[in-house]
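S.K.: Work the whole structure out from these sequences, hints included.
What follows is each chain in one-letter form.
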Amino acid sequence: MSVEMMKAMRQAISDVMNKMFFLPVQVNEKGLALREWFSNKLPLVGATINFTGSSSGYSYLLIPAGVAREMTANFLGIAEKGIDVKQERDTVKEALNMITGHMLSQFDRKGDLRIGIPQLINESDLSAGQLDGFNKGAILIETEHSHIAAGIVIKKTG
Amino acid sequence: MAFNVLIVDDSSSMRAVIKRIIKVSGFNVGEYFEAGDGREALELLSNKWVDIVLSDINMPNMNGLELIAEMKKNELLSSIPVVMVTTEGSEKIVEESIRLGASKYIKKPFFPEDIKNMLRSLMGEEVRDVSGDDESDAAGDF
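Line order of the protein sequences matches chains Y and H. Heads up: the first sequence begins at 1 in the working numbering, then just goes up one per residue. Heads up: the second sequence begins at 1 in the working numbering, then just goes up one per residue.
Heads up, some of the hints might be wrong.
[Unchecked claim] In silico DSSO-like cross-links for lysine-lysine, where the CA-CA straight-line distance does not exceed 27 Å:
#1 73(H) - 7(Y)
#2 23(H) - 86(Y)
#3 19(H) - 156(Y)
#4 48(H) - 110(Y)
#5 19(Y) - 7(Y)
#6 156(Y) - 7(Y)
#7 19(Y) - 23(H)
#8 48(H) - 23(H)
#9 19(Y) - 81(Y)
#10 86(Y) - 19(H)
#11 92(H) - 81(Y)
No wet-lab data here; the hints were simulated from the structure.
M.R.: Okay, structure coming up:
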């Protein structure tokens, strides 16, 4: 990931989490592997989204279920106890959609890159043993009470 | 006079958020309609009267730009204002939206005031709660 794209991604994460989910976040620079970062935070809800154009690749967002519930409650303006799994998953997908779109709009003013439709990551791919598959391009993020992670992986550059 | 709103987004959470913002802003809304993509929206528009459409761009089956293009081809639907509420913020997409006839755009992430100010400017209606009219760069005129 280029320095410029990394900077845009960090800014997008912060903007979206603050503005839409009322969740202040801070990037953690420790460079831990994701299995360490999420060591006692499982299970996770994850989503991924492809982008194509002059560059292509994908971005992803990994969020502990408890944080996903908190985000959903903040987003929808309802109590956590009234939230179901479908709403949590939809919120995580929409959060990634906004982060990726916001990031690309800062990075790609000419609109050469097009984003796809966010997809959920299978739960089986988010077990502790499988998390290393997401280490590439990962940005570790601290919330007030927990951790999340996001990342962007470039497959082809123009 | 009450106006009807159609919210088009493939995220049910985002539709709920936009609906809640409009509700708490105190507008005199008659009915809220929702659609998960452009195709569903067109189907709904064929048998319900809608005064304003708020639509995402990036959706499956039929995206927001295709939805505007279809609406502009239809004499009954062509005058309905369409506001793009989207993560797509590149100049190319904005220009394409203008060319197709979108009235305004709001870029996600947005503040609730962006939705409120946009509706007030398009529908020309006073809101009951006029607090929090802060300026924001997330919404723009075409």
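S.K.: Now tell me, hint by hint, if it's right for this structure.
M.R.: Evaluation of the provided hints:
1. 73(H) - 7(Y): violated (42 Å)
2. 23(H) - 86(Y): holds (23 Å)
3. 19(H) - 156(Y): Judged against 27 Å, a Cα distance of about 39 Å means the pair is violated.
4. 48(H) - 110(Y): violated (37 Å)
5. 19(Y) - 7(Y): holds (18 Å)
6. 156(Y) - 7(Y): holds (19 Å)
7. 19(Y) - 23(H): holds (19 Å)
8. 48(H) - 23(H): holds (20 Å)
9. 19(Y) - 81(Y): holds (23 Å)
10. 86(Y) - 19(H): holds (19 Å)
11. 92(H) - 81(Y): With a Cα-Cα distance of about 42 Å, the restraint between residue 92(H) and residue 81(Y) is violated, given a limit of 27 Å.
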